[in-house]
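**Q** Listed below, chain by chain, are the residues.
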Amino acid sequence: MSRRTSPVIPGFGLTLGYTLVYLGLLVLIPLGAMFVHAAQLTWSDFWAIVSAPRVLAALKLSFGTAFVAALINGLIGTLLAWVLVRYRFSGRRIIDAMIDLPFALPTAVAGIALTALYAPSGLVGQFASDLGFKIAYTPLGITLALTFVTLPFVVRTVQPVLADIPREVEEAAACLGARPLQVFRHVLLPALLPAWLTGFALAFARGVGEYGSVIFIAGNMPMKTEILPLLIMVKLDQYDYTGATAIGVLMLVVSFVLLLLVNLLQRRIETP
Amino acid sequence: MSSITAVTSAKAHGNANAARCGHALGRNLLIIGAWLVFALFLLLPLYMVLSEALKQGLGVFFTAILEPDAIAALKLTLLAVAISVPLNLLFGVAAAWCVSKYEFRGKSLLVTLIDLPFSVSPVIAGLIYVLLFGAQGFFGEWLQDRDIQIVFAVPGIVLATLFVTVPFVARELIPLMQEQGTQEEEAARLLGANGWQMFWYVTVPNIKWGLIYGVVLCTARAMGEFGAVSVVSGHIRGYTNTLPLHVEILYNEYNHVAAFSVASLLLALALCILLLKQWSEARLARLQSNAAEE
Amino acid sequence: MSIRRFALAAIAGLSLSAAVQAQTTLLNVSYDPTRELYSEFNTSFNKHWQARGHEAVTIQQSHGGSGKQARAVIDGLRADVVTLALAGDIDELNKLGKLIPEDWQSRLPQGSTPYTSTIVFLVRKGNPKAIKDWDDLVKPGVEVITPNPKTSGGARWNFLAAWAYAEQKYGSEAKAKEFTEQLYKNVPVLDTGARGSTITFVNNNIGDVLLAWENEAFLALKEEGGENFEIVAPSLSILAEPPVAVVDKNVDRKGTREVATAYLNYLYSAEGQRIAAKNFYRPRDAKVAAEFSKQFPDLKLVTIDKDFGGWKSAQPKFFNDGGVFDQIYQVQ
Chain A
1 MSRRTSPVIP
11 GFGLTLGYTL
21 VYLGLLVLIP
31 LGAMFVHAAQ
41 LTWSDFWAIV
51 SAPRVLAALK
61 LSFGTAFVAA
71 LINGLIGTLL
81 AWVLVRYRFS
91 GRRIIDAMID
101 LPFALPTAVA
111 GIALTALYAP
121 SGLVGQFASD
131 LGFKIAYTPL
141 GITLALTFVT
151 LPFVVRTVQP
161 VLADIPREVE
171 EAAACLGARP
181 LQVFRHVLLP
191 ALLPAWLTGF
201 ALAFARGVGE
211 YGSVIFIAGN
221 MPMKTEILPL
231 LIMVKLDQYD
241 YTGATAIGVL
251 MLVVSFVLLL
261 LVNLLQRRIE
271 TP
Chain B
1 MSSITAVTSA
11 KAHGNANAAR
21 CGHALGRNLL
31 IIGAWLVFAL
41 FLLLPLYMVL
51 SEALKQGLGV
61 FFTAILEPDA
71 IAALKLTLLA
81 VAISVPLNLL
91 FGVAAAWCVS
101 KYEFRGKSLL
111 VTLIDLPFSV
121 SPVIAGLIYV
131 LLFGAQGFFG
141 EWLQDRDIQI
151 VFAVPGIVLA
161 TLFVTVPFVA
171 RELIPLMQEQ
181 GTQEEEAARL
191 LGANGWQMFW
201 YVTVPNIKWG
211 LIYGVVLCTA
221 RAMGEFGAVS
231 VVSGHIRGYT
241 NTLPLHVEIL
251 YNEYNHVAAF
261 SVASLLLALA
271 LCILLLKQWS
281 EARLARLQSN
291 AAEE
Chain C
1 MSIRRFALAA
11 IAGLSLSAAV
21 QAQTTLLNVS
31 YDPTRELYSE
41 FNTSFNKHWQ
51 ARGHEAVTIQ
61 QSHGGSGKQA
71 RAVIDGLRAD
81 VVTLALAGDI
91 DELNKLGKLI
101 PEDWQSRLPQ
111 GSTPYTSTIV
121 FLVRKGNPKA
131 IKDWDDLVKP
141 GVEVITPNPK
151 TSGGARWNFL
161 AAWAYAEQKY
171 GSEAKAKEFT
181 EQLYKNVPVL
191 DTGARGSTIT
201 FVNNNIGDVL
211 LAWENEAFLA
221 LKEEGGENFE
231 IVAPSLSILA
241 EPPVAVVDKN
251 VDRKGTREVA
261 TAYLNYLYSA
271 EGQRIAAKNF
281 YRPRDAKVAA
291 EFSKQFPDLK
301 LVTIDKDFGG
311 WKSAQPKFFN
321 DGGVFDQIYQ
331 VQ
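Residue numbers (the numbering used here), protein chains in the order written: chain A, 1 to 272; chain B, 1 to 294; chain C, 1 to 332.
Note that these hints are calculated values from the structure, not bench results. If you're wondering where the values come from, they're calculated on a predicted model, not measured in any experiment. Where hints are given, some of them may not hold.
[Said to hold, decoys possible] Dumping the calculated DSSO-like pairs for lysine-lysine here, alpha-carbon to alpha-carbon at most 27 Å:
(1) A:Lys224 to C:Lys185
(2) C:Lys139 to C:Lys175
(3) C:Lys169 to C:Lys129
(4) C:Lys175 to A:Lys224
(5) C:Lys312 to A:Lys134
(6) C:Lys300 to C:Lys139
(7) B:Lys75 to C:Lys254
(8) C:Lys287 to C:Lys312
(9) A:Lys60 to C:Lys254
(10) C:Lys312 to C:Lys294
(11) C:Lys300 to C:Lys177
(12) A:Lys134 to C:Lys139
(13) C:Lys222 to C:Lys125
(14) B:Lys208 to B:Lys55
(15) C:Lys169 to B:Lys55
(16) C:Lys254 to C:Lys98
(17) C:Lys177 to A:Lys224
(18) C:Lys185 to A:Lys134
Chain A extracted, bound-state conformation (with noise of 0.2 Å):
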């Protein structure tokens, strides 16, 4: 692909303009009063509170439920979207229909629904309970709800790009002798790894601040089922200001720096 620089359509200055003061001043001065108000803090004074034991199971809890909630949408996203793209049955239209329903649905709805699903007197948590463990409460819990809400990123991002790659060029390659699986890795997955590492990305970075439909299923025990997000509460409610704004900056700075990473690679990939 060919470097788009086109000085025949107008409109550089103005929307680039506009931009950058819209997120100024909604985005990136109020993030700044953030930074701003931890640099209150020496290094060691930020290294003390965001090492703290506390805060570390929380940066683990949180970064791992996320991390597993992406990895199951990145497969169940490529199955949903590669089933409602490629095949024609009766029930598709309102599968895909529904596929934005985390989206739309309030998160706080998501959190009293699936509490009321997975908690061991729930629909399926007694089914759980009876097995002999338990879903609500638990990191376990906690994924499942991050895997409700993160659900449509995989799909929706692959989705388009798959619509895209003309059916021939897989049959053409199984005509000549490709198995399903080489297929797979040879055709379909360059094209879409692009798109699903954006969707996995975007369902991990959502899934790490997630608050709303956590705190409800999560039990909040400190050290095993405290998110990052309500330590940050928890931190405010205690008038702990620095406290909650150093977890704040950590939190920030890594999924900048994530996002940052994907955009690069997204380029990367575009524009070999």
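Chain A is fixed; fit chains B and C onto it per the hints.
**A** For chains B and C alone, kept in the frame of chain A given last:
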């Protein structure tokens, strides 16, 4: 690619059929898999909300959603949506325009910044506005002297909603416009169209699909935001409670059924949004195929 | 199109709510379990206030975890009065926010605490785990539900009640620390607020015993019709004192000092006390207390001021970062 289209022999034909037969079993398994995921992950929670809401009959359900506090919460939610969606729509188009039509240094950084509110925890989104506009915050004293209230009042709720919904439209448009390239716009310019004409007659029809999807997502998130709004709300019943916060309050008042009733109201709004999106998509597809036939 | 419709609805909504705003409003920022109490009290106060020839007031309520609510007021939530779970949280309004004077607690009778409560156990019907006293909570296999003392005022009262029991029975701080450590090992879910814990225990059926405010336990019984739960009173508990205060800086700005003061004073009136008692708070007024004496079991109670040296020393010792609670919880 040309070597592939060149294959025309009967033998290859047979292979393709075999491949299709192989697909049939896999196809059915995959479809069943999709249905299972759909039922377990999406239908079950939905069923849960509705069954809990209607546990004590329609009377209790309607009392819960017609209660003055619920109506006030609905109004506040709609206000937040009505302000944040148009603003972010405008921003999304502008941002997607400059990112997709031009090359410039720092583009990756800009795209990342646009994405940022998406992955910033909602709790942080609320926290930053408290740090700025709270009584102890940077502008706290200045605002207090002028008797302006931002956090723990409606402006704070609108701001927090705006923040969390910033990327939605832009996120949908950028890949779409990048893929479409600039040829059509360039052609329009060369044929004498001015900037606005080019935008309205060439760009907008091309990006409508993504635009609608972005607006749908933006509306849904604005309607359902919980964490960020919860931090800046102050939870004053009937005044600064949005619908999702009202659900939490009812849930905390042993009002299980009422909580799920209001939740199902939100669910109904969500389903309406999904329907609207589906309908516009179908219409658009029909328009496009008509255009292709002519 | 949908946008235009939304906008119209929103504008209509805004103009409506603007019309309502014209009256005097009073904002009462309170903690979790007082919702029912104040919804009844506010109606009664409005009648009383109008009977004295004043205009009706719109009383707004905000509820949440006590610490969270105090912080919201410090950050600018314009509360006219605060009615929180413990004095320590209202102290912060003075220390961090400069919203009230340091001697706020001496401005109203009884240390500004118009009603009290205590900590009791709520167990499942028939008391299948035979829970009678604090010792039964540390037995293996007993699941105890209590909120997080870091975020919940009620949970701090819970913690201190357990501590006082262990210290008196086993005679040393070290033993008390061991006891509470054991107790919190039996906690499967640590909610952020008292209400969250009640929901976990009552609606989601988790745990064998809920450590709860007495009023919260009674309310849960009332809501459930008393079919599934019963209350167990331990041999020793703590006198929980949730205080109230007028927020000077806010009422002076809004010009609501008179009505805010009358509002809190009305809590001390016979009618106010009766409403508190009806909502299962222990009234301070001896006559009203006598009327409701059957409702409240006689308990041996320690107090925060006598036995813990007040919140000013209890809060940092037990609940601040690195305090006793962190120490026993980090061990696990």
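**Q** Need the status of pair C:Lys300, C:Lys139: alpha-carbon distance at most 27 Å?
**A** Holds: C:Lys300 and C:Lys139 sit about 23 Å apart, inside 27 Å.
**Q** Would you check the hint for C:Lys185 and A:Lys134, treating anything up to 27 Å between C-alpha atoms as holding?
**A** Between C:Lys185 and A:Lys134 the Cα gap is close to 17 Å, so the pair holds against 27 Å.
**Q** Just to be careful, I want the Cα atoms of B:Lys75 and C:Lys254 compared with a cutoff of 27 Å; is the pair within it?
**A** holds (26 Å)
**Q** Take a quick look at whether C:Lys139 and C:Lys175 sit within 27 Å of each other, Cα to Cα.
**A** With a Cα-Cα distance of about 16 Å, the restraint between C:Lys139 and C:Lys175 holds, given a limit of 27 Å.
**Q** Given the hinted pair A:Lys224 and C:Lys185, is their Cα-Cα distance within 27 Å?
**A** holds (12 Å)
**Q** Between C:Lys300 and C:Lys177, does the CA-CA distance stay at or below 27 Å?
**A** Judged against 27 Å, a Cα distance of about 21 Å means the pair holds.
**Q** CA of A:Lys60 to CA of C:Lys254, is that 27 Å or under?
**A** It is violated: about 47 Å lies between the C-alpha atoms, which goes past 27 Å.
**Q** Could you grab the alpha-carbon distance between C:Lys312 and C:Lys294 and see if it respects the 27 Å cut-off?
**A** violated (34 Å)
**Q** Check the hint pairing C:Lys312 with A:Lys134 against an upper bound of 27 Å on the C-alpha distance.
**A** violated (40 Å)
**Q** Does C:Lys175 pair with A:Lys224 here, judged by a C-alpha cut-off of 27 Å?
**A** holds (25 Å)
**Q** Within a Cα-Cα threshold of 27 Å, do C:Lys177 and A:Lys224 meet the stated pairing?
**A** holds (21 Å)
**Q** Straight-line Cα separation of C:Lys254 and C:Lys98 no greater than 27 Å?
**A** holds (17 Å)
Checked against the numbered hints given earlier, this structure breaks hints 5, 8, 9, 10, 14, 15; the rest are met.
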